[in-house]
Amino acid sequence: MDSCVHIYCGEGKGKTTAAVGLAVRAAGCGRKVLLTRFLKTDHSGEVAALGLIPGISVTPCEKSFGFFFRMTDEQKKEAAVYYTELLDMTLRKAVDGAFDLLVLDEIMAVMNYGLVREETVRDFITGRPSGLEVVMTGRGPSEELISLADYVSEIQKIKHPYDQGIQAREGIEY
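Under numbering that gives the first Met the number 0, the first residue of the sequence shown is numbered 0, with each subsequent residue one higher.
FYI, nobody ran anything at the bench for these hints, they're computed from the structure. Just to be clear, a hint being listed does not mean it is correct.
Straight-line Cα separation of at most 25 Å, DSS-like style, residue types lysine-lysine; simulated pairs [stated by the list, open to error]:
{"no.": "1", "residue 1": "K31", "residue 2": "K92"}
{"no.": "2", "residue 1": "K62", "residue 2": "K156"}
{"no.": "3", "residue 1": "K12", "residue 2": "K39"}
{"no.": "4", "residue 1": "K62", "residue 2": "K76"}
{"no.": "5", "residue 1": "K12", "residue 2": "K62"}
{"no.": "6", "residue 1": "K31", "residue 2": "K158"}
{"no.": "7", "residue 1": "K156", "residue 2": "K92"}
{"no.": "8", "residue 1": "K76", "residue 2": "K31"}
{"no.": "9", "residue 1": "K39", "residue 2": "K75"}
{"no.": "10", "residue 1": "K39", "residue 2": "K62"}
{"no.": "11", "residue 1": "K156", "residue 2": "K75"}
{"no.": "12", "residue 1": "K156", "residue 2": "K76"}
{"no.": "13", "residue 1": "K76", "residue 2": "K39"}
{"no.": "14", "residue 1": "K75", "residue 2": "K62"}
Pair ranges (Cβ atoms, derived) [to be verified]:
{"no.": "15", "residue 1": "A48", "residue 2": "Q166", "range": "32 to 40 Å"}
{"no.": "16", "residue 1": "R121", "residue 2": "K39", "range": "16 to 24 Å"}
{"no.": "17", "residue 1": "E153", "residue 2": "D41", "range": "25 to 33 Å"}
{"no.": "18", "residue 1": "E73", "residue 2": "G29", "range": "40 to 48 Å"}
{"no.": "19", "residue 1": "D72", "residue 2": "C28", "range": "17 to 25 Å"}
{"no.": "20", "residue 1": "G29", "residue 2": "I171", "range": "28 to 36 Å"}
{"no.": "21", "residue 1": "T125", "residue 2": "D162", "range": "38 to 46 Å"}
{"no.": "22", "residue 1": "I157", "residue 2": "M88", "range": "20 to 28 Å"}
Glycine residues also receive a C-beta, built at the ideal position from the N, C-alpha and C atoms.
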């Protein structure tokens, strides 16, 4: 089976939702899925649901550092160590566990913030096991990542309740 690289990016809501939908579809067709979330703890509705689906493994994100712009320099250093280790563990697991689909949720953000090296992700993509589909989400993918991808879907915000002061709602935004 040929494998492809997907990017769901843009300012709109739905990047993670699209990746989770693809994970569910793949699992429903008997494929083995590994999903790792960056910058997000497991306090989100999809994590509980995904845990109930045979064939889907969700890597726990056990630490939260808050919003990047509010982090101290020390917290940024700690976050970089944590997310680099999380990425390294995920990439090893994706290979060793013979997964068919790897989802790296919010990987663009941790790369853009300098918390993980983009080179690590690019090297993995170009040398990934045959048959491993890779999905990456987040804002602002580099031109090099876009050129490596087979699918690039930009989700554009036209209107969002947050613009009217409505905070994120459980079961809808998380």
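Indices of hints not satisfied (ascending): Numbers 2, 6, 7, 8, 11, 12, 15, 19 and 22, in rising order.
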